[in-house]
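Peer 1: Chain residues, written in single-letter form:
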Amino acid sequence: MSTVMARPGDPVITPALIAEHGLTPEEYERLTAMLGRAPTFTELGVVSALWSEHCSYKHSRPLLRTLPTQAPWVLQGPGENAGVIAVGDGLAVAFKIESHNHPSAVEPYQGAATGVGGILRDVFTMGARPIALLNSLRFGSLDSARVRWLFAGVVKGIGDYGNCIGVPTVGGEVVFDPAYEGNPLVNAMCIGVLREEELMRAVAQGVGNPIMAVGARTGRDGINGASFASEDLSDENDAKRPRVQVGDPFTEKLLLEASLELITSGHIVAIQDMGAAGLTSSSAEMAARGDVGVTIDVTKVPVRETGMTPYEILLSESQERMLVVARAGHEDAVREILAKWDLSAAVIGEVIAEPVYRVTEGDRVVAEFPGSRLVTDCPVYEPPAEESAAAVERRRVDVHAIAPRAQEQDPVWTLTQLLSSPTIASKAWVWRQYDSMVQTSTVRGPGGDAAVIRLRGTDRALASCIDGNGRYVALDPRVGGRIAVAEAARNVACTGARPRAITNNLNFGNPKRPEIFFQLREAVAGIGEACRVLETPVTGGNVSLYNESPKGAIHPTPTIGMVGVIESLSHVTPSAFTTAGDAIVLLGHCTDELGGSEYLLRIHDTLAGAPPTCNLQAERHLIDALLDAIGKGLVRSAHDVSDGGLAVALAECCMLDRERMTGASVDLTAWPALPERALLFGEAQGRVLVSTSTPDAVVAVAQRHGVPARTIGTVTDASHGLVLRTGTHRAVASIAALADAFHLAIPRIMDGDTPAEHAVAAGHAPVD
Amino acid sequence: MKVGVVRFPGSNCDGDAWHAVVDHLGVDAVYLWHKTASTEGCDVVILPGGFSYGDYLRPGAIARFSPVMSAVVAHARRGGPVLAICNGFQIACEAGLLPGALLRNASLRFVCDTVRLAVQRTDTMFTARYAPGQILRIPVAHGDGRYTADADTLTQLEAEGRVMFRYVDANGEPTSQANPNGALNNIAGIVNAEGNVLGMMPHPERAMDVRLGSADGVALFESLLAKVAA
Numbered sequence: 001m002s003t004v005m006a007r008p009g010d011p012v013i014t015p016a017l018i019a020e021h022g023l024t025p026e027e028y029e030r031l032t033a034m035l036g037r038a039p040t041f042t043e044l045g046v047v048s049a050l051w052s053e054h055c056s057y058k059h060s061r062p063l064l065r066t067l068p069t070q071a072p073w074v075l076q077g078p079g080e081n082a083g084v085i086a087v088g089d090g091l092a093v094a095f096k097i098e099s100h101n102h103p104s105a106v107e108p109y110q111g112a113a114t115g116v117g118g119i120l121r122d123v124f125t126m127g128a129r130p131i132a133l134l135n136s137l138r139f140g141s142l143d144s145a146r147v148r149w150l151f152a153g154v155v156k157g158i159g160d161y162g163n164c165i166g167v168p169t170v171g172g173e174v175v176f177d178p179a180y181e182g183n184p185l186v187n188a189m190c191i192g193v194l195r196e197e198e199l200m201r202a203v204a205q206g207v208g209n210p211i212m213a214v215g216a217r218t219g220r221d222g223i224n225g226a227s228f229a230s231e232d233l234s235d236e237n238d239a240k241r242p243r244v245q246v247g248d249p250f251t252e253k254l255l256l257e258a259s260l261e262l263i264t265s266g267h268i269v270a271i272q273d274m275g276a277a278g279l280t281s282s283s284a285e286m287a288a289r290g291d292v293g294v295t296i297d298v299t300k301v302p303v304r305e306t307g308m309t310p311y312e313i314l315l316s317e318s319q320e321r322m323l324v325v326a327r328a329g330h331e332d333a334v335r336e337i338l339a340k341w342d343l344s345a346a347v348i349g350e351v352i353a354e355p356v357y358r359v360t361e362g363d364r365v366v367a368e369f370p371g372s373r374l375v376t377d378c379p380v381y382e383p384p385a386e387e388s389a390a391a392v393e394r395r396r397v398d399v400h401a402i403a404p405r406a407q408e409q410d411p412v413w414t415l416t417q418l419l420s421s422p423t424i425a426s427k428a429w430v431w432r433q434y435d436s437m438v439q440t441s442t443v444r445g446p447g448g449d450a451a452v453i454r455l456r457g458t459d460r461a462l463a464s465c466i467d468g469n470g471r472y473v474a475l476d477p478r479v480g481g482r483i484a485v486a487e488a489a490r491n492v493a494c495t496g497a498r499p500r501a502i503t504n505n506l507n508f509g510n511p512k513r514p515e516i517f518f519q520l521r522e523a524v525a526g527i528g529e530a531c532r533v534l535e536t537p538v539t540g541g542n543v544s545l546y547n548e549s550p551k552g553a554i555h556p557t558p559t560i561g562m563v564g565v566i567e568s569l570s571h572v573t574p575s576a577f578t579t580a581g582d583a584i585v586l587l588g589h590c591t592d593e594l595g596g597s598e599y600l601l602r603i604h605d606t607l608a609g610a611p612p613t614c615n616l617q618a619e620r621h622l623i624d625a626l627l628d629a630i631g632k633g634l635v636r637s638a639h640d641v642s643d644g645g646l647a648v649a650l651a652e653c654c655m656l657d658r659e660r661m662t663g664a665s666v667d668l669t670a671w672p673a674l675p676e677r678a679l680l681f682g683e684a685q686g687r688v689l690v691s692t693s694t695p696d697a698v699v700a701v702a703q704r705h706g707v708p709a710r711t712i713g714t715v716t717d718a719s720h721g722l723v724l725r726t727g728t729h730r731a732v733a734s735i736a737a738l739a740d741a742f743h744l745a746i747p748r749i750m751d752g753d754t755p756a757e758h759a760v761a762a763g764h765a766p767v768d
Numbered sequence: 001m002k003v004g005v006v007r008f009p010g011s012n013c014d015g016d017a018w019h020a021v022v023d024h025l026g027v028d029a030v031y032l033w034h035k036t037a038s039t040e041g042c043d044v045v046i047l048p049g050g051f052s053y054g055d056y057l058r059p060g061a062i063a064r065f066s067p068v069m070s071a072v073v074a075h076a077r078r079g080g081p082v083l084a085i086c087n088g089f090q091i092a093c094e095a096g097l098l099p100g101a102l103l104r105n106a107s108l109r110f111v112c113d114t115v116r117l118a119v120q121r122t123d124t125m126f127t128a129r130y131a132p133g134q135i136l137r138i139p140v141a142h143g144d145g146r147y148t149a150d151a152d153t154l155t156q157l158e159a160e161g162r163v164m165f166r167y168v169d170a171n172g173e174p175t176s177q178a179n180p181n182g183a184l185n186n187i188a189g190i191v192n193a194e195g196n197v198l199g200m201m202p203h204p205e206r207a208m209d210v211r212l213g214s215a216d217g218v219a220l221f222e223s224l225l226a227k228v229a230a
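Order-wise, the sequence lines are chains A and B. Using the working numbering, the first residue of the first sequence is number 1, and each one after it goes up by one. Using the working numbering, the first residue of the second sequence is number 1, and each one after it goes up by one.
Isolated chain A, as found in the complex (with noise of 0.2 Å):
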């Protein structure tokens, strides 16, 4: 151990300042007793940002342990950059989903952009090269200004920062709720495909091997702790510096290369990111899965900016930075590659056989901490948890005694109205500004049940999508997670694909609350139990919690990116019907289930109810059959009845391809016991509606799996329109109708007087 020194110049640490760190009293405790001293104030902020919740997830720890994380398939589960599974032919795929909320609901435009960045670079450093991006969003309600200005920003945000680096944005999911009004949700999961033995890992290791800091250099931006104003920091100028970390795609785009090319050169043995917490929570991973010391001098990082203590080169969030550990005696083969790249690198410190991980100043020991023990040693909470009153009371409601409106006499009003809900409209809106198509390997890009990318050199292709209902959470969390990944898989699932694998994003409010707590708790176990079932074990993921506004906290919104495989290319299977004459199987049952819908908060303003059961064995069973069928050839569309229910995905089927839209004639009168509105916009889950010209083959495929099966209607020309007869209606809606209202919803919002982009140009926040 070294002697370690308070800087001249230092802010003496009192309790306020400990505060200012977000340590608690006991916390501060437990670090003078690692170190067997006080910390200095680098040592201070060093931990300030690994026991942070981000870094530390200690209010989440004991509950992920509870996920299943084996397959067969899973090559690397959680604890690494980025997950990794098997996908055959000798190849692997990375993945992983991560949130930007916070800095997005500041500055919507950087914050979603240094996400997408993030996550990129978590899946490059594993040695896979990225082939897709996916997007999980949340905002309020967009009759707001705030809200659209909001919307528009991230979407340009993640627009901008994929469409620069050449990697294609091909799904996703974006919903708009009242509960996410003062704190959208931006989740962005990258994919990346490698081969098996170029696997990655970012494990420190051989003494003496230099580490190298590699990319952009250092600045001011994004420094942890950087809320508090300490002498250091209150410099005039340095007050008004945005907080929000700062992309750019180009340096990426570069970074990402030249990472590629040091991973296959073999001048290297470990790299990661410089993600949150900087070179802090880079340095002090690596070393800690290798079970190395580690030294670091921070006179040598290259910095932009002169005047930069410790404590602010090692927690700066200065966005396109790789860590990384070269093969000693290799250092100007990898400055070679960089500068092949136009990037620079500098060594920076040591693996070393002591067991510290030490910072320096030139010869002053600034920080110093014992082993691994930084890592390992961080708190873990396991808080109380109840549910409150106020969500049993919303559960218990009876949703039949809410009284129908006047128009919903007519079920094509309330299916025009579903359609038009922003949630369930056509998000062409976004997707048209995202590259869905760089790279040429989309075979289904966004719009559909989920996204497919062919595997370069193979037949097999990937499915993905991210999926999550924070309505079912809030009513039911152990329910709401089951469903978040069954509805996942089943996606996959209708495009071709055996679900694989998935990764999570967290995200709730203040899990010191016992009802948060309880949410996340039951929403884990939930997700766990769909998990098993289902075979799609956890790779990794993200944990994002305090999303709270003064309007109170989110939706409890667990999202779910799932990864398929499609066996091949023969099999995949798009969303809408394809031809007249087709008939119209729906796979699963119809029961009575309109608790959480998308109806009840669209037509009745309401969220109540218990959600929709889960069986997941019928999940399971009913995915089997999907996939037997397709297998066989059978199936010539497949799409999951999700929000808005049977009416709403029928209309889908029919009009999703504007170019090739169809009609259906569809007969529900196999459902006499059922309320009419249960029975066209539940969200009875285990449905899938197929078209196909082998109706009885499909079925007698479907009773082999177990699975209900029935032939409800026949495909028809789009000018016969959309049919439904039920036991009291016959309703005809025309497609025209449907179509206008589904794809030109979001656009009438977005593009009318004042097109929002206008405001994120001029760069200020609408206020309401």
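These aren't lab readings, by the way, just hints derived from the structure by calculation. Values in this document were obtained by computation on a predicted structure and should not be read as measured data. Possibly wrong hints are sitting among the right ones.
[Said to hold, decoys possible] Each computed DSSO-like pair below joins lysine-lysine, with the alpha-carbon atoms no more than 27 Å apart:
#1 K2(B) <-> K227(B)
#2 K340(A) <-> K300(A)
#3 K512(A) <-> K551(A)
#4 K35(B) <-> K340(A)
#5 K58(A) <-> K340(A)
#6 K340(A) <-> K2(B)
[What the hints assert, rightly or not] Rough simulated footprint, nothing fancy, chain B against chain A, three-plus residues with beta-carbon under 8 Å:
#7 164-170
#8 428-434
#9 440-448
Backbone N, C-alpha and C define an ideal beta-carbon position, used for all residues, glycine too.
Since the structure of chain A is already known, use the hints to place chain B on it.
Peer 2: Leaving out everything else, chain B in the frame of chain A:
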């Protein structure tokens, strides 16, 4: 025969162009590095799409000064074919290989979609394998694709039949609705006076396989490579 695909820092459709040539047409291709002032004996040069130099200043403005561009310009002056796609089109305009410029889309938004193009001429090295008036479905993906030129230049381009592709609707009409970026006269692609440099905003290299939506770009590459091979 050898095709060279230029790689600038920030190019991101270089791989797609390479795959179109090598995988779909079985022709040899090499990457031409931006720091090397040579076309390495290539018969055809492709300036691919992407964001060369991060589109800093304006798209193509920095790329035109890179060493490889002097060689590309020399290749073009010798009559060598150049296919300039998307960012490549922007670079070709900046480098003076083609007249006019590409402005920010009229919507002020990036646009990614599959659009319809009407082939305006079939007597060129780039379009010989299309039928006269054929309507193609080809992807676009750009933020700065609004072709513009001064009135004289525009008149000259039209008079000389140098507009190769125009954005059209399903009926072949060049309507404003069919125009994804507000380009003058719905112009999607033009050639130089000599006919050996084609610049176009749409991506023919993304339309090589019906499984990905369209194979309407194949004939463009086939036209070009057949002409060069002849």
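Peer 1: State for each hint whether it applies.
Peer 2: Results of checking the hints against the structure:
1. Between the alpha carbons of K2(B) and K227(B) the distance comes to roughly 13 Å, so the proposed pair stays at or under 27 Å and holds.
2. Distance restraint check for K340(A) and K300(A): the Cα-Cα separation of roughly 22 Å lies within the 27 Å cut-off, and the hinted pair is therefore satisfied.
3. At roughly 17 Å between alpha-carbon atoms, K512(A) and K551(A) fall within 27 Å of each other, so this suggested pair holds.
4. Taking the CA atoms of K35(B) and K340(A), the gap is near 9 Å; set against the 27 Å cutoff, the hint holds.
5. Of the pairs offered as hints, the one joining K58(A) and K340(A) is violated, with about 42 Å between alpha carbons and a cut-off of 27 Å exceeded.
6. With a CA separation close to 25 Å, the supplied pair K340(A) and K2(B) stays within the 27 Å bound.
7. Coverage of the region 164-170 of chain A by chain B holds [criterion: at least 3 residues with CB-CB distance below 8 Å; count 3].
8. For a cut-off of 8 Å, the count of residues in the region 428-434 of chain A with a CB near a CB of chain B stands at 4, and the three-residue condition holds.
9. Judged by the Cβ-Cβ criterion of 8 Å, the region 440-448 of chain A is covered by chain B as claimed, because 4 of its residues qualify and three suffice.
When held up to the earlier numbered hints, the structure conflicts with hint 5 and nothing else.
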